[in-house]
Every structure is written in structure tokens, then in C-alpha cells.
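Visitor: With the hints as your guide, set chain B onto chain A.
Next come the chains, spelled out residue by residue.
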Amino acid sequence: MDFIQNFPFFSILLSLGSGVLTSIMNKKVARLWNTFVLVAITVMSAVLFVYMIGMGEPYTFMMGHFPAPWGNEIRAGVLEAGMALFFCLIMLFSLKGGQEHIDAEIEDTKINLYYIMINLLLSSLLALIYTNDLFTAYVFVEINTISACGLIMITQSGRTIEAATRYMIMASLGSGLLLMGLCILYDITGHLLMSNIKDSIAYVYAQGTYNVPLIASIGMVVVGLAIKSALYPFHTWLPAAYGYSTASSAAVLSSLVSKGYIFLLIKIFFRVVGFDIIVDSKIVNILFVFGLLGMIMGSVNAIMENDIRRMIAYSSVAQIGYIYMGLGLGTTIGIVASIFHILSHASTKSLLFIAGVGLTDASGGSKKFDDLTGSGYRNPAAGAAFTIGACSMVGIPLFSGFISKVQFAEAAVQNGLAKMLPTLICLAISTVLNAIYFMKTVIRLYTPVSKKAKKTQAAEAAVISLKEHPLYNITLLCMIILNVILGCCSQPIVDWITSGLAMFG
Amino acid sequence: MSRLLSEEEYRKTKAFKIKRWYRGEKDPYIGRVELTPQKPFTEDVKTMKQRIHDEAILKRNIYDIERNKKLQIFSKFYHVVSIAFVFTLIAILLYIVSYLPPVGNAANPDNNEVAAKYIEDGMKDTGAVNIVTGMILDYRAFDTLGESNVLFIATCTVLILLRMDKNSEKKEEEDNDRLYEPKNDIILQKVAFFLVPMIIIFGIYVILNGHLSPGGGFSGGAIIGSGLILYVNAFGFKKIERFFTQKTYKWICFVALLFYCLAKTYSFYCGSHHLETGIPLGTPGDILSSGLILPLNICVGMVVACTMYAFYAMFRKGGF
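As given, the protein sequences belong to chains A and B, one line each in that order. One point on numbering: in numbering that gives the first Met the number 0, the residue at position 407 of the first sequence is 406, and numbering is uninterrupted. One point on numbering: in numbering that gives the first Met the number 0, the residue at position 298 of the second sequence is 297, and numbering is uninterrupted.
Please note: incorrect hints may appear among the correct ones.
Listed next, the in silico SDA-like pairs over lysine to any residue satisfying Cα-Cα at most 25 Å (straight line) [to be verified]:
{"hint": "1", "chain 1": "A", "residue 1": "K197", "chain 2": "B", "residue 2": "D109"}
{"hint": "2", "chain 1": "B", "residue 1": "K123", "chain 2": "A", "residue 2": "F60"}
{"hint": "3", "chain 1": "A", "residue 1": "K281", "chain 2": "B", "residue 2": "I91"}
{"hint": "4", "chain 1": "A", "residue 1": "K26", "chain 2": "A", "residue 2": "E99"}
{"hint": "5", "chain 1": "A", "residue 1": "K197", "chain 2": "B", "residue 2": "K13"}
{"hint": "6", "chain 1": "A", "residue 1": "K197", "chain 2": "B", "residue 2": "N104"}
{"hint": "7", "chain 1": "A", "residue 1": "K27", "chain 2": "B", "residue 2": "S97"}
{"hint": "8", "chain 1": "A", "residue 1": "K27", "chain 2": "B", "residue 2": "Q245"}
{"hint": "9", "chain 1": "B", "residue 1": "K316", "chain 2": "A", "residue 2": "G157"}
{"hint": "10", "chain 1": "B", "residue 1": "K69", "chain 2": "A", "residue 2": "A408"}
{"hint": "11", "chain 1": "B", "residue 1": "K58", "chain 2": "B", "residue 2": "Q37"}
{"hint": "12", "chain 1": "B", "residue 1": "K249", "chain 2": "A", "residue 2": "I105"}
{"hint": "13", "chain 1": "B", "residue 1": "K13", "chain 2": "B", "residue 2": "Y28"}
{"hint": "14", "chain 1": "A", "residue 1": "K109", "chain 2": "B", "residue 2": "F76"}
{"hint": "15", "chain 1": "B", "residue 1": "K116", "chain 2": "A", "residue 2": "S194"}
{"hint": "16", "chain 1": "A", "residue 1": "K109", "chain 2": "B", "residue 2": "T244"}
{"hint": "17", "chain 1": "B", "residue 1": "K116", "chain 2": "A", "residue 2": "A201"}
{"hint": "18", "chain 1": "B", "residue 1": "K246", "chain 2": "A", "residue 2": "I105"}
{"hint": "19", "chain 1": "A", "residue 1": "K281", "chain 2": "B", "residue 2": "T244"}
{"hint": "20", "chain 1": "A", "residue 1": "K95", "chain 2": "A", "residue 2": "D306"}
{"hint": "21", "chain 1": "A", "residue 1": "K197", "chain 2": "B", "residue 2": "N111"}
{"hint": "22", "chain 1": "A", "residue 1": "K27", "chain 2": "A", "residue 2": "T41"}
{"hint": "23", "chain 1": "B", "residue 1": "K116", "chain 2": "A", "residue 2": "M24"}
{"hint": "24", "chain 1": "A", "residue 1": "K26", "chain 2": "B", "residue 2": "K69"}
{"hint": "25", "chain 1": "B", "residue 1": "K116", "chain 2": "A", "residue 2": "T108"}
{"hint": "26", "chain 1": "B", "residue 1": "K58", "chain 2": "A", "residue 2": "F60"}
{"hint": "27", "chain 1": "B", "residue 1": "K249", "chain 2": "A", "residue 2": "M24"}
{"hint": "28", "chain 1": "A", "residue 1": "K26", "chain 2": "B", "residue 2": "Y28"}
{"hint": "29", "chain 1": "B", "residue 1": "K249", "chain 2": "A", "residue 2": "F35"}
{"hint": "30", "chain 1": "B", "residue 1": "K316", "chain 2": "A", "residue 2": "E106"}
{"hint": "31", "chain 1": "B", "residue 1": "K316", "chain 2": "A", "residue 2": "E99"}
{"hint": "32", "chain 1": "A", "residue 1": "K197", "chain 2": "B", "residue 2": "K123"}
{"hint": "33", "chain 1": "A", "residue 1": "K26", "chain 2": "B", "residue 2": "V254"}
Per label pair, the in silico range of CB-to-CB distance [claimed, not checked]:
{"hint": "34", "chain 1": "B", "residue 1": "C269", "chain 2": "A", "residue 2": "V431", "range": "55 to 61 Å"}
{"hint": "35", "chain 1": "B", "residue 1": "K13", "chain 2": "A", "residue 2": "Q155", "range": "50 to 56 Å"}
{"hint": "36", "chain 1": "B", "residue 1": "V96", "chain 2": "A", "residue 2": "D279", "range": "21 to 27 Å"}
{"hint": "37", "chain 1": "A", "residue 1": "F9", "chain 2": "B", "residue 2": "I82", "range": "33 to 39 Å"}
{"hint": "38", "chain 1": "A", "residue 1": "E161", "chain 2": "B", "residue 2": "P36", "range": "25 to 31 Å"}
{"hint": "39", "chain 1": "B", "residue 1": "D184", "chain 2": "A", "residue 2": "S171", "range": "33 to 39 Å"}
Since the hints were made in silico from the structure, they are not lab data. In this text the structure is predicted, and so the values were computed from the model without any measurement. We treat Cβ as the ideally placed atom computed from N, Cα and C, and that holds for glycine.
Isolated chain B, as found in the complex:
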């Protein structure tokens, strides 16, 4: 050993102690510090009450408008500015409206060849007696395809926001919520018993006659959806789950929208290449006429009905 110090003196130096600690031969704490296992955190009632009290006061002072000068000024300023903004916007719009062409004037710019063709050739081109349906589902079907996807994506967004997953903690609370359902409201149940079938049948009628009379997928779907909501209010979620669950919803939406997409892809493709689609237009006025419009109306109706009901169910209890 080429050490200048003797072994004993070396043992007294800091370097030796550090080396010993570094090698893990001796723990400096053992024998010098009293080691006790950590106690779990407990709060006695008094301090807890004090804490909750303090938090409440803090919160009140922050959000209390009378104490918080900054918030007070801001909220006043905000109200004034927002009202001023709204009134300015109204004034500007009224000013603009006074310059617009008068309603119903034959010389208006929007009374042009576009509207004329819709009215004159609408029935011949699309086979639909109802010009509006012919317009939205045949002439301008691409827009309506986008529009039904707006509905679809809106339900998806609500799903993201409100759907409870099976493992999540809130689930239990939500289940309890079902207990408070007005299950045994006799008046509601009796009325619903008679009304719901009629509402749904009327909705189906509006959808199926969309190309013949006023109505169509959007309005008929809304009627069916309201029928479903009435049913669920009267009889509760357990009953409706016998025929309408989240799975049903998913598959109905999927099949309807996919059929819509595929049918329109086919029809757009044929149209842009000036090919015949091979779908007969039928006699205008018959229930089975106007080519693709009837099936598309049914699709839109199903999507709208499901969307209406899904929104209700989601806001009511975060799922189906």
C-alpha cells in the first residue's frame, strides 16, 4: 500500500467515510437517526373544517363581484361592449337590408334561369313532385351529403363529450339516476301509449312521401326522433333498450350513411361521365318513383331520427 497515512489514521479521514458510504458498506443513518415508518395523512375534523371554510372564503372573494374590483370592472365593461356590439351589428344589418332588392319583385337578381329550371324541369329531371326534395337530393345532392355528415359528426362530438365509459367512476352515479325516472306516471304512460305509434307512423309517412308532398328525410326523421324521446320519457330506458341500444344506433347510422355515400358516389360518377345510371325515374306521383330520392330520403330520415334520440339520451344519462 502506497498510502502516506497509517490504516488507523486513514479510517478517520473524510475520504474514507465517503468511500465507505459510496460502496454501501455503512449507512450513515443507521444507529444515528430514529427511523419510524411514515404515518398516513390524517386530518382532524377541526382543521378540515377550517380548510374548507378558508377555501370557501377564498373562492367567494375571488368570484364575489363586490369584493373583486378587477372582475367588477371587467364584467361591466364586458356587458357594455357586448350590448354595443350586438346593436351595432343589428344596425348595420338593417341598413344593408334597406338596400337589398324588395321581396317578391319579378326583376330581382335571384329570379333567374337557375330557379326557372328547377321549377319548369324539376319533375322531368328528378321524377319528384316536391321540387324542394328534388333540389336537395338530386340537383344539389353533394351539399346534402355534406349536411348529413354534419349531423353525424355532431353526434360523434357529443359522444366524445358525454359518453361514460364502463370503467369510469361516474358510471355508478349515472346508473342511480335511472332510479329517478318517472316510470310510473300513469297519465304520461297512457297518453304515450296512444301517441307514440301515431307519431312514428306519421314520421314514416312524411319520409316516404318526401318526394310527393312537403316533408322529407329531415322533417320526418325529426318527427320519429321526437316520438322515441316521448317513449323513453314515459317508459324509461330499460324498455327502449329492448329494441334500441347504442349498437342499433351505430349500425343504423353506419348503414344509412354508407348507403348514401356509395349511392351518391355511383350517381356522381355516372353523372360526370355522362353515363346512364340505370335507375328508373318512374311515373311522377307514384310512391315508387324519382329514382334514388326515395331511398336517400329514408337514409336521411333514419340518421336524423337516431341523431335526435342520441342527443337526448346522451344529455340525459351519458349513453344509451
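Chain A on its own, in the form it takes in the complex:
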């Protein structure tokens, strides 16, 4: 076994252990250590990614002295390594971009608690990506949920506590359904290891004895994870949670937490149940319908918002709808499009949240559109970044959003007419709606302030020059570069996702 194969194990244990270590650190050391952990895991994941592309086949790693069905096991392939690399990068950018706000908005003695949450969240995301065991996945889903809750309410105001309560209720419902689904799966297959369950399910499904519990358990798992990742009718917790928490939290939550669950769902589709059975069970059709609904309704809600953060949050609902629509197409190419959209949305949405907070800073901390008028001039870096993020969301070529829309359209065309037409029509409508609210915002950012408004605004609105926040600006630049890379060099990335999915099977 090569030494590099230890890296997934090292990454999980390092982030888990540093959560504990952070509890005795003061805020500066905690921040430094967290940055170190993130960079170390990013580097390890990058090395592993390159190594996996060279090796070309996945491997399993025994967690302990006992082989698979008895002990725990993790598994790494190209897709897993790439996802881990990407998630670490986004988390690093989100934290660095919002660092000043973390320091300003959170009480001094609670900052190290914030980094405990971040470290444990990272470990749970990594474990969700790498695990080969359903119960391990459930344990880390719990860690993920609780730490997300902590991230929402660490800036203590009535709004965030209400948002965290809502999130907790919805997420508990999701966890409960997920756990019940897993229990039923265990009852009819007798295994918790993904590959073993897949074999038993293929046997059980062919025999037809337990088809009712099998379909029901798949349904529960899917609904549970859909609630946790805010698929349209279950999105009510989302706008407040993303809209009022501190900027880094919002970026991490929207681009990583919900995506971790979706990745787990894709993993369950391919590695636990088997994609043929999923398609055969018609569950994808339900996901397809709700995905389409989410695409439209999320955008409609976003248009009606008068608060920039909540608008970006509602846009997340629409984008999650895209991802589920891709899953609902029921073809491998649809899943590839969904995974690409996970990457594209994660990089864009974190950029938008971080840029948005720069704009509100330049408008006296107000998130209302009226006060944001002309803030693109007052904070040029954030204005440019927001514009690029908005272009990417709408689907302008050069940026990542365009590629994911093309991917979805290509995937739709390969389906029958019943799914092709609704997909294409909804894609078109949703793109127009996206353009309405994002371009409206961009135009407002670059509208010069009228003289009358200037008098009332001048007191709070401060001009933030390019040199003032070097860390923030560098982070924005990195995120823009990541976005453009996704948009311009998409073919290798799509190839990587396709080969990774092939390794899942």
C-alpha cells in the first residue's frame, strides 16, 4: 500500500482531532491552527487526487484491525478525492473572506468555539465523502447538522436563534427519516457496508419479497436528505439561516453543507441501491418534479426579496432545484451535470455571499436594496466580484454557470420527450428569472447615487478602497479564478467526474 493512500484517513482524523484541540486554544491560535489544518488537508487531497488519476481505480482503507463487513471502512476514488479537494478550497476561501466579520460579529470568547464547529464540520464533510459504511455516514450527518446549527447561531441575535431553531427542527426531521430508512435497509439486507448492501439489494429486488420496505426505505432516505439539503418544498429554513448568519457561515452552509448531503445521496444511488433500481423505482421522477418546481419558485421568491442576502439565499433554493432536476433525469449524464453544478454553485454562491458582505459594509451595514445603490463604486473589489458571480449564476459564457446549464441541456436532450421538454422550458424560464433578479442587483450596484439620496446616505456609507482589505480582496480574486477555471476548462473536469462516477459502480 502506498503512503498516499493513508491521506483520506489522515484528513478525517486531523480535522476531528483539531476540533478537540481547538477547545483549549485562544482565538488567534485557533484561527491559525484552523488555517493550517485546511491548507494541510487541501494539499493532501490534491496529492491524492493526482495519485488517483494516475492509479485509475478506487481502493478501500480498513479503519481498524478487522476487514470490511465487521469493521469500518473508507473508500477513495477519483471523484471522492476531487470533491474533498474542492470542498477544502471553498471552505478556506469562505473563512478567509469573512474573517474580519467573524472577528467583529462574534464575542471574543466564543471565536474558538466557531473554529471547533468549522473543524468538526470539515471532518464530517470529509467522512461523508469518503465513507463506505452507511452507519458511519449517519453519525457524521449528525455532526454536520449540529455544527451547522452552531454556525448559524454563533452571532447571537433573535433572528439567528430563530433561524437555528427552524433549521434544527427541519434537519431533525430529515435525520429521523434517514435513520428510519437505514434501519429498514439493514433489516432487509443485514448489512451496513455499502458494497454488501448493494449485492443483497440486487438479490432481494430480483426475488421481490421485500419490495415494499425496499422502496419505502429508499424514499425515506431520499426525502430525509432532500429536507436537509433544502429541496423546494422543504426550503423554509433556508432564507433566514443564510440571510442573517455571519458571511462565512452563510457561504459555508450554502456551498458545502447542503452539497455534502447531495453527494451522500448520489453515493447512495450508485453504491448502495444501484442506479438501475433507483430509476426503476420511479423515485427519480418525484425528484425531477420537485427540482423543476424549486428552479422556478426559488427564483420567483428571490425576485420578490428586498434584502440582498436573502435574495442570494433564495437563489440557492433555485440552484438546489437544478441539482435535483439533474438527478431526476435518471441518466448518468444527468448525474454528471448535477455534480458539475454542485461544483459550480458552490464556487459561485460562496463568492456571492462574500462579495455581498463587502457591498453591505460599503453601505453602512444595510442589506436593503435602496441603500446598496452605487455601492459598486464604493467598494470596487466586491462590486466586480458580485458582478462576476451574478454573471456566472445567470449563465454567461466564460463562467461556470454557463457550463452547468449547457450540461443540463445536453443531458435533457438525451431523455425522452416527457422529460426533455419540461427540462428545457424550465431551464429557459429559470434563466430569465435569474437574469431578472441578478441583473437588477448589478444595475443597482452601478447606479450613481442621486444627490438627494446622498445626503441621507453619506453619514453611514463609507468608501472602501482597493488597498484597505488585502486578505478579503485576494480571497475574492482566488474565488473568481476558481470560477473562471470551472467555466473555461470544463472538459477535463467533466471527464474527471464521468470517470469518477464509473468508479462508483
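Guide: For chain B alone, coordinates are given in the frame of chain A:
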């Protein structure tokens, strides 16, 4: 000067006045407007009463279900839908259960090689007589590591929510709360005096015998935690702070979890590379046996006990 107007006429124009004001030579307010310093805002009793009354009426009208038609309809709809949802879920689950394999049937899918190995080889592999402990702390130790971190992160979240900082205003109120503690309840104190040592010793027994008899870190820790809570109820926070403060809690949790992480990292690493750990398993049945399970049980027990007590203390007064 190339001005068309004479100096005197120029002084009468608006342009001159604006220029003068702009240069700051003359303040147009001075001498024309009576300047008085702003009075601090005071509200006489009558208007204040009126305001409070108005606010109360407003609040009542908004939250009063009888007056607020929208809320009325919504809350009815909400109740109906939530009850319908719960019953549908129950019906679906009952329907599914009727299709599941019967309990205790030997031909069930879950009666397979996995369970068989746990039962047959459990003692030989892990050195623990209690198969459950062997399973959670050796076979599937990674899950349990995650699970103890769930406890840890849960306390951290409660800390975020409830901990009062020394500077915060609420601190004073919280301190006053201590005055109401039932410090001098003789019956409670006498009972606790006898019970608390026994409860804690029993908890320690359950933890230490986790690999031999039913029990283990989670259950033993819960017992110790309840003993601590009884103690604090009987004797108050001042007494318990002689040996258990926030610092103690922090260090116990830190040391226990860090030891757990490091020990398991070592053991996972050795396991996946098929190396010997060098930790003797001992004779099954002895108190000092089963390798890492005993120290890990102690760690889990300490974390659980501290978590139980920390939750209580935090909800009781927002700190230790």
C-alpha cells in the same frame, strides 16, 4: 479686478454670499436663529403609560387569535395538516413494518456472517467478554469516535447558546439566581450525602466493568453525571466549584477526547497496514484486559459525565 460690478454691488449678490459661506467666513445661522442645546429626551408618566398601553394593545391584537383572522386560519390549517402528516407517516410506517421479516426468525437477512462472527470470535478478537462493548469500541470504533464527537459538539453548541460572558449584562441577574438555590434543604442534603458517593462509585464500577458486564462508558458516564447533578442540587454551585469548574470540564473533555483520537489513530493506522499494535489483549474476564477498550471506556465515561453535568449547569445558570 476684472469684475463688472462694483465691490458694494457685488457684496449684495447671491454668489458672494455663497462664497462667503463656503469659505466659512460667516455662519448664516449666527444672529438669525436662536440656538439652544438639545434637551435630553424625557417622557412624562402619562405619555409613557399611554405608549405602553398602545403597544400592549397592538401586541394583543396581532397575537390574539380571535382578532387576527389570518393567524386564526393559519393556525387551524397548521394543526390539521401537522396531525394529518403525522398520521400518514404512522400509517406508512405500520404498513412497511407488516412487510418486514418477523422478529427472531432464524432465516432473517440480518442473521448473517457479520453477527455470527461478532458472537463467535468477539472474545478472541477483542478480549472483551461483553460483546457489545467489543463491537462499539473495537470492531466499529470509528463510528464510536464520531459519536463521542457528537456529544462534544453538542456541548459546544449549548455553550454558544447559553454561556454568559463576564462582561455581559445578564451576568448580574444570573448571580442573583444563585441566592434562590435550595441551599438548606436538610432532607435533600442528608439523602444526597449518602446517595451521591454511592451513585458515583456505581458509575465508576459500570465504566470499569464495561468490557466484562453490561454497561460501559456511555451508561456509566450518565450515572456519574446524574450523581453530580444531584450533588449540585443539594449543596449548590459554590460547593461543587471546589472541585469541578469550567476549567476542569474543559481539560477533562480535552484530555479524554484527545487520548481517544490519538489512541484510535494509532490503532487504525496499525490495523490498516496489518501491523501489530503491541497492546496486549490479556486474559478475557480480567479487569485489566481487552487492550484499548478499558482506557477508551474511561475516556467515553468522562466525556459523557462532563457533558451531562455541563448541560445541567448551562441551562441552570448559563455557565459553571
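Visitor: May I ask which of the numbered hints given earlier this structure violates, with the numbers listed in increasing order?
Guide: As far as the earlier hints go, 5, 7, 10, 11, 14, 19, 23, 24, 25, 26, 28, 31, 32, 37, 38 are violated by this structure, in ascending order.
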